[in-house]
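Can you build the whole structure from these sequences, using the hints too?
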Amino acid sequence: MSKIINLMQDGVTVKKSACYFCHQNCGVLAYVKDGKVLGIEGDPEFPTNQGGLCCRGNIAMQHLDHPERINYPLKRVGKRGEGKWEKIPWAQAIDEIGAKLLQIRSEFGAEAVATAGGTQRTDDWARRRFMNLFGSPNGFHNAHLCWIPTFMVETAIYGWCPFELDMGSSRCLVLWGQNPGAAGMPEMHHITELQEKGMKVIVIDPRFSETAAKADLWLPLRPGSDLALALAWIHVIIFDGLYDQEFVANCCEGFGELADHVEQFSPEWASELTWLTPDQIRNSAYMYAMNKPGNIQWGTSVDQIGRPAGAAMHARAILRAITGNLDAPGSDLLTGPSPDFVTDEEMEANEQLPEEQKSKQIGSDRFKLVTWPGYTKIAEQTKKVWGKAPTAEWMCEAHPPSVFRAILSGKPYQVKALLVSATNPINSYGETKLVMEALKAVDFMITCDYWMTPTAALSDYVLPIAGALERPTITSSYGCSDFLLASQRAIPPMYERRNDYNFWRDLGIAVGQKSMWPWDTVEAAYYHKIEALGYDVNDYDEFVERYRFHFPEREYFKYQRQGFATPSGKIELYSSVLKDLGYPPLPPYIGPTENEIDDPELAKEFPLVLTTGGGFMPYHHSEHFQIKEVRFLRHEPYMDINPATAAELEIKDGDWVWIETKRGRIKQRANLTQGIHPRVVYTQRGWWFPERSMNTPELGGCTESNTNILTSTADEHCDPYSGAWANRGLLCRVYKVDESSMKGVN
Amino acid sequence: MARYAMVIDTRSCIGCHSCTVACKVHNDLPVEIIYNPVTTVGPTGVYPDLHMVHVPLLCMHCDNAPCVDACPTCASQRRDKDGIVFVEDEKCVGCLACVMACPYGARIKNHATGAVQKCDFCKDRVDLGMNPHCVNTCHQKARIFGDLDDPESEVAKLVNGENAVRLLGELNTEPYVFYIYGLEVKNP
Amino acid sequence: MSAKHQSWGWMLAVDFFFAGMGGGMLLVAGLIELFAGTGQLSLLGNIVGPLCMCVGCGFLILELGRPLQAWRVFMNPKAILTCGAWIMSVAIVVGLVYASYGLNPAWFGMDKLFWQEWGALRKLLAVVCVLTGLVVATYPGVLLGRHKGRPFWVGPGIMTLFLLSSVVTGVAAHIICGMILPPVEMPGAWNHLPALAGGLLFFQLVAWIGYLWIKRTGTTAAEAASALKWLQGCYADTFKAVVMFMGTIVPLVLVMIPSPLCQGSGALLVLVGGVVMRCLVVYAGEDRTWLPGEQKYRGRLPLGNEAFLKAWSK
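Residue numbers (numbering that gives the first Met the number 0), protein chains in the order written: chain B, 0 to 745; chain S, 0 to 187; chain V, 0 to 313.
Think of the hints as simulated: they come from the structure by calculation, not from any bench. No experiment lies behind these values; they were computed from the predicted model shown. Misleading hints may appear alongside valid ones.
[Stated by the list, open to error] Not close to chain S: a few residues of chain V, all C-beta gaps over 10 Å, as computed:
hint, residue
1, Gly36
2, Asn103
3, Phe202
4, Ser264
[To be verified] In silico lysine-lysine, DSS-like type, Cα no more than 25 Å apart, as pairs:
hint, chain 1, residue 1, chain 2, residue 2
5, B, Lys291, B, Lys651
6, B, Lys74, B, Lys86
7, B, Lys735, B, Lys651
8, B, Lys382, B, Lys357
9, B, Lys291, B, Lys439
10, B, Lys196, S, Lys140
11, V, Lys111, V, Lys122
12, S, Lys80, V, Lys77
13, B, Lys432, B, Lys661
14, B, Lys357, B, Lys387
15, V, Lys295, B, Lys735
16, S, Lys80, B, Lys196
17, V, Lys228, B, Lys651
18, B, Lys666, V, Lys111
19, B, Lys578, B, Lys387
20, B, Lys569, B, Lys557
21, B, Lys666, V, Lys309
22, B, Lys196, B, Lys376
23, V, Lys77, V, Lys147
24, B, Lys32, B, Lys14
25, B, Lys376, B, Lys569
26, S, Lys80, S, Lys156
27, B, Lys357, B, Lys291
28, B, Lys199, S, Lys140
29, V, Lys147, B, Lys83
30, B, Lys651, V, Lys309
31, S, Lys90, V, Lys77
32, B, Lys99, B, Lys557
For every residue, glycine included, the Cβ atom is placed at its ideal position computed from N, Cα and C.
Now the structure itself:
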């Protein structure tokens, strides 16, 4: 009954491909015959997944040729949202789009063209290359919610982000707002193996997540209060004498100022703000500081708490420094950018963007850290010591909410075009109502995607993009790691799909950039990246087939040789880079974006605390809702609520409920669970209903259960350092949906 | 002669449902047929003192299989050579006797074909020396498959060495899927 | 995806009813033939008995996923269903041959039907009727009682309930058939059937009360929960009103009243009670020995009519 792919039959080749449905990029073996993929399975020899493959990886074949995939370039006929399309050839699409962009540039300036991206699913350096050559500084992704502010704060302090956890000999792992058990399976397996050998795991998460259930210590803090917790940990580690005196004396600047600064931030002080007991705070700090070497695995949660985000990242970063858990065996390693292969930043042609254009980057006047002002300062330091800079497409981006506002208000200037690739902004960017208004209002919009998403449905052109099995993949942590994992395509793109790299290249050629795009295929570009490694291969595919990955020899304590890439050459607990940018050099206490202490009136109206954005199987953000083979597992949205709170609100398990913030309301079914504080609720992200009409007004039900209806991107709610907006730590209320408003819900 | 068995280590199982999906896609199952549900018990307790366990379920390939005894057409069979219980589709008339007889709910009627089907431990793969799909796909390595008659096999060591229990053991169906629970789980 | 389609349904219940009734009719016919004498039951009743079994088989075949392959159910001698199929086949044939003894040759334009002279054969057929009728009346209860995974069914009690019901519906059917086409030998055993029915109904009442009480208080938690549905839950109203009141207590009174109208209606009510009882029992089989976390998991699965299940087909 189970299929056996007859590998003995003639003509079957095995391609070393990758699953591309999340950041883990597990190795996949694809069995190909006559240009068709017969089947896939996890690659047992791939170092991260060792043959394992999660729900998402397993449906690669269903994804590959799904009846809803966009397979031909489409041009809108009729009004936006009417759903009337004309199939056109690629050449025509590129020509028309190129011509339109040139026209906009001549009338409004290159900066009037913006691009929007999603999570890392595309060759983003190619997108940045196009934009740099075109002259626009307004490219962005959901970077602000996803690691990037953390990366830049930590790089400002220690000269590179230590995202490479050397867990093999680690004795304690802090999962700060991360749930690999529902999202990053190879990582979870690694953690499970090490737990069996005695590694302690602390999970900081308001929810009793899959990972929290396996932890030694679970800290269910009030959403958004991570800053208070981090400051209290610093306090305990310093004032209870747990810090690494030698490391601090030799490698850190500003310890004295830090100690003075955190004197007030005792566990007792933090207890009220985090809803944890002083003992919980103290014991967990001890567990981390006393079980060395240890790791702090950032999760994107702290990037998503809005106003306190930057300060929280700074405080969290200080913890590694004062415990000496940096660049030592078993701790968090400052690998730096790769000196061996061509990094993404080196493929971006950033030097081609004139200074004048850089200064026009929207949002860079207010949010300096992940825009040109902050990026320039930080890159200067990293170039001095490492010789290279972080990837600009991600670490140096326009502020998305400000771009959407510019579309609507014309301030600071008009934005006339939005090129969307690998994202559905209606779903994934904060404050959905603002995003929708902007997308409906923007003069010219094109979308590159696999599917007809609500955003694609509102576009002027929709372009079919090839997916995982139809493209090669290099995994290198947004271009910032010193290792890389390489995979090849199983088959060329089906129908008339193209690789996103080729889209940007073709568009670039159409607008006059031809000389700057020497690589005609993705493989050629990738070969250019890896050639310098010196493997004896003639092309990229050969590298994949024979070598598959490059892990440089690990060097610990690099700082002894080269110092830290900061102005002082040391770890700057008291950060001069942040100070120069106009931010506090030490992390001040800032309350969660919406909270009952700073805004008691709001808390009366909205008495519960909302956390959202946490991922769950089998979806990844807004993906896979149209794959039946996984959709049946969770076919309707569920929010988590404590049974005691539900009883007060007369809500039973499975009831449809409204969750409402000042921005609006959505409905999801209630999952009564003890795994959450009685005053906290969690809503699932990503929900849209691809089985419904994509025409207006339905738009796939994208506002019905979409958690971003609830979030806010108002300037005052965003992190002042990076402009990251808040998914977590907002105030909300919950009440039952009455029967009459159930129509239209499936 | 062999006796295939599976051990599910719930201490590692993280409830990701990957085995459910892998089984489904590799066996070309219609959407409504699930051989391999993964249930979650909990969070049990009162906030914040909680525990949670995930329990992958499947056909238990019982030695004393009620489904084999119940089948009037001999479609439901147990392989003598290794204990795998399977359905010979040609012989099945869809009377549902086995569906009713199975205490574990492992058998499902396919309304399109009219017959009953279920997990067969991927016997065609096992005959070629490969593991079932659910075992291969599990990142957590929470599913261990092998020959219980071989004392060197991992399953034998786990069943004999760890506290491995059977579900509904008191019904005397002699299932060959064993579960290992963590200490905090008292009554799954 | 709903579990409702993954369990035996009303068609099997109706099969159990007709087969059980037929078996009961054959049992009663055979016993009366052997101990009271020939011709004391209606010819119609003797023919209807095997025909009921045929009707029951018909429903069974329709319930199958692959009805045209129904012949396969004769294949596994270790399975109760196979034994039941063989024995029911014999019962039908023997029952019809036995009944044919009551046929009037004149209906076929002949002076005699040759086998009607073989009185010993008639007695032998009666013995076989008793044995096969008993088996057919009992085996569904045995089948259900052996289901370890179905808390409401498991145990020896259900065999009694089914046997009782089969016999009393068989008796009731003979009463009705005898009113339509009276037996040759009157007054005779047929006239005592109402009293027999009354006694059986009394035992049926006691047996059900005992069964539910024991299930509810003296067995496992799963069994107790399944029995609760009959006392207070989703089956309670139908069980109490139709099976107990209309199907047992009222007929118990009616058959004691020596009026054809009362006894006839009482008999009809017994039949109604019998079929409804079997439907409830079969539906109660949906309750299984659930595994940890299973009900919550299945409760959240799609029902089967959701748009996303049909939206994209290749």
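> Checking against the hints above, which ones are violated?
Replying inline: 5, 9, 16, 18, 22, 27, 29, 30 and 32
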